Amino acid sequence: MALPKYTEPHYRIWHYVYIFICACVFFFLIAPLFVIFPLSFNAEEFLSFSEGMKNLDPDAFSLRWYKDMIYGTKNPWGLAAKNSFIIAIFATLGSVLLGTVAALGLSSRHMPYKGLVMATLISPMIVPLIISGVAIFFFMAKAGLAATHTGIVLAHIILGTPFVVITVTATLSGFDHSVTRAASSLGSDPVNTFMKITLPLILPGVISGGLFAFVTSFDEVVVVLFLAGLENTTIPIQMWTGLREQLSPTILAVATCLIILSTLILVTAELLRRRSERLRGINR
Amino acid sequence: MSRETKQILTTDGVPLEVSLKKAERKNKIKAFLLVAPLLLFLLITYIFPIGDMLMRSVDDKMVTEMLPKTFKSMEKWDGNEMPPEEVFESFYLDFQMLVEEKRDGRLSTQLNYTKNGFKSILKKLRRKAKNFEEGNYKEQIMAVHKRWADVEYWRAIKRRAPAYTSSKYLKGMDMYKNEEGKIVNVEEDRRIHRILWLRTLEIAFFVTLLCFLMAYPIAHLLATLPMKYSNLLMICVLLPFWTSLLVRTASWMILLQQQGVVNDFFVMIGLVADDNRPEMMYNKTGTYVAMTQILLPFMVLPLYSVMKTISPSLMRAGKSLGGTPFVTFWKVYFPLTIPGIGAGCLLVFILAIGYYITPALVGGASGTLISNQIAFHMKSTLDWSFASAMGLMLLAGVLAIYWIYNKLVGIDNIKLG
Numbered sequence: 001m002a003l004p005k006y007t008e009p010h011y012r013i014w015h016y017v018y019i020f021i022c023a024c025v026f027f028f029l030i031a032p033l034f035v036i037f038p039l040s041f042n043a044e045e046f047l048s049f050s051e052g053m054k055n056l057d058p059d060a061f062s063l064r065w066y067k068d069m070i071y072g073t074k075n076p077w078g079l080a081a082k083n084s085f086i087i088a089i090f091a092t093l094g095s096v097l098l099g100t101v102a103a104l105g106l107s108s109r110h111m112p113y114k115g116l117v118m119a120t121l122i123s124p125m126i127v128p129l130i131i132s133g134v135a136i137f138f139f140m141a142k143a144g145l146a147a148t149h150t151g152i153v154l155a156h157i158i159l160g161t162p163f164v165v166i167t168v169t170a171t172l173s174g175f176d177h178s179v180t181r182a183a184s185s186l187g188s189d190p191v192n193t194f195m196k197i198t199l200p201l202i203l204p205g206v207i208s209g210g211l212f213a214f215v216t217s218f219d220e221v222v223v224v225l226f227l228a229g230l231e232n233t234t235i236p237i238q239m240w241t242g243l244r245e246q247l248s249p250t251i252l253a254v255a256t257c258l259i260i261l262s263t264l265i266l267v268t269a270e271l272l273r274r275r276s277e278r279l280r281g282i283n284r
Numbered sequence: 001m002s003r004e005t006k007q008i009l010t011t012d013g014v015p016l017e018v019s020l021k022k023a024e025r026k027n028k029i030k031a032f033l034l035v036a037p038l039l040l041f042l043l044i045t046y047i048f049p050i051g052d053m054l055m056r057s058v059d060d061k062m063v064t065e066m067l068p069k070t071f072k073s074m075e076k077w078d079g080n081e082m083p084p085e086e087v088f089e090s091f092y093l094d095f096q097m098l099v100e101e102k103r104d105g106r107l108s109t110q111l112n113y114t115k116n117g118f119k120s121i122l123k124k125l126r127r128k129a130k131n132f133e134e135g136n137y138k139e140q141i142m143a144v145h146k147r148w149a150d151v152e153y154w155r156a157i158k159r160r161a162p163a164y165t166s167s168k169y170l171k172g173m174d175m176y177k178n179e180e181g182k183i184v185n186v187e188e189d190r191r192i193h194r195i196l197w198l199r200t201l202e203i204a205f206f207v208t209l210l211c212f213l214m215a216y217p218i219a220h221l222l223a224t225l226p227m228k229y230s231n232l233l234m235i236c237v238l239l240p241f242w243t244s245l246l247v248r249t250a251s252w253m254i255l256l257q258q259q260g261v262v263n264d265f266f267v268m269i270g271l272v273a274d275d276n277r278p279e280m281m282y283n284k285t286g287t288y289v290a291m292t293q294i295l296l297p298f299m300v301l302p303l304y305s306v307m308k309t310i311s312p313s314l315m316r317a318g319k320s321l322g323g324t325p326f327v328t329f330w331k332v333y334f335p336l337t338i339p340g341i342g343a344g345c346l347l348v349f350i351l352a353i354g355y356y357i358t359p360a361l362v363g364g365a366s367g368t369l370i371s372n373q374i375a376f377h378m379k380s381t382l383d384w385s386f387a388s389a390m391g392l393m394l395l396a397g398v399l400a401i402y403w404i405y406n407k408l409v410g411i412d413n414i415k416l417g
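In the order they appear, the protein sequences are chains A and B. Mapping the first sequence onto the working numbering, position 146 (from 1) lands on 146, and the numbers just tick up by one. Mapping the second sequence onto the working numbering, position 213 (from 1) lands on 213, and the numbers just tick up by one.
The set of hints was computed from the structure by calculation and includes no laboratory data. Since this is a predicted model, take the numbers as computed values, not measurements. Virtual Cβ for every residue (Gly too), placed ideally from N, Cα, C. Incorrect hints may have been included.
Said to hold, decoys possible - To give an idea of the interface, some chain B residues facing chain A are shown, with a C-beta separation under 10 Å as derived from the structure: (1) Phe-41; (2) Gln-110; (3) Arg-159; (4) Ile-235.
All chains, full assembly: derive it from the sequences and hints.
Here's what the structure looks like:
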């Protein structure tokens, strides 16, 4: 952001003020995440920097909280991680399946009542989570699915589909329908056309919708708090209980792992977005 | 009609118009069938349960069903004087039935919602009723406790007769129906819900404002910087966006606690004394700071995607026509970003108004919102009908905001990331 030579001094000052403001905001956004890293290696049982850590004394750092996370006695994290992954994977599959098929119908120009249907399909994203939580809980309680994995998976499918619907409809908006017509004129049946032609082309959108659905399920705590029993504990529930009751540095070790996971997801999502834009011919 | 329209026929002799309509209908059905599974799934598991919330919130059949004889005999009672013997007798019979089925506890909870003081006198009645003699129940019940001889308590029971009630909604606004059936405010010192509604609005408003003020400059920077720098800076926005909400809340709990990093820093630069560290968590400050940081990406992304489409030559044109940078910005650039501002503000405001997790963890007593109250009634008091009523009031508010937004800006103008 070099300024032209002729810039007047007060604009020059304003420009640096502006850069400074931006730097502060970026710091505010990202810095809190980085507090967790060093503190998760704390040798002591406090959630603040000890004197030793401030002086970079190697004895002040340790891996004890990571060990506690993995091997700790009566530790809930193993079960929670297992549950979280199982629930998130099934919820993602469900959301992707239902969402992609619905998006195909929605982006057809023959779809009747498009506005109303779209509003209904993305409503779980618009309605505040706490209300969704109450409503879904009432349904699951009546259906006898409260405190079961199935119930939580269904709940997460509800919350995850809007993301898939939105990303896939967006991908389909740049989709050239003449290729599917070409396929049918060459004698391909609709299912074959979808698998061989449409799906590969919209795949980036499907996957990034799936990523959204996965993260939604993996992070979701409000609805799970209503639905889960002791057996269905998930990572977010354990973190929630931990943060409310006994704040131990083990949580920070878990948080560090989660940040690494979200970094991986971020990278994947970004790569997919770029690939999708390239495929759709959008050059930025 | 002078001009004769010649019907065009398809090869099999069907008029083209009919054939086209048929194909169109087939396409419509095909498109609808694709959407149907998800639509059906959501209707059953999500939309109908929201309707169920509505039923629950006005449903008052519980008491109606528990005291059927009593309400039947109360129909003739005008409520001015003590009810006649008949009411007492049927109440006694209903109550004995409930005690047998061990449902009297629920009745006392329900009646206590209507008027305080029912719990103890029902307990006493249960103990004494075992030794009641047949006949003259009026005197026997009235002898159990002096409140049973108070006509107010009988009126309170009568108020629970209808199967539907608006009382939960009134309670959510700190109002109630008094003895004469008028809607009045509860006493000044017990108006907790109004405070919560106002606080929710206030926090959502200021969080939105703060997010806007912080997001605008960085979205502008991201949109105008060359790609290689902006991609790097975009990570600062996207990483928090993809990181678990609880992780981000946890990091604020570490930062804001009394021995935390922020307080350490303030002590180090001499802003506050070491023995006088300010409370920055478990109050409104904590809620504001944490919610602003957590919701900031939701403001940056729509703003960025709109700003990205604004051609830099517009600003140059404005300047070449004699506008100072500030005037050009205000007259040319700013109006073009309004769809992004609208989308960002709507998104952040609606997310903030229903926020639950962060306020519950860092908000303490003075920083919690209406959602926390809903969760409290769902999980602790188990007054589900009240939780439903409050949830629907919140939902109505959210839908109203969408409606207003649609009128002002147009929902189609929204651009998301």
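Structure-based check of each hint:
{"no.": "1", "hint": "Phe-41", "result": "holds (6 Å)"}
{"no.": "2", "hint": "Gln-110", "result": "violated (19 Å)"}
{"no.": "3", "hint": "Arg-159", "result": "violated (26 Å)"}
{"no.": "4", "hint": "Ile-235", "result": "holds (7 Å)"}
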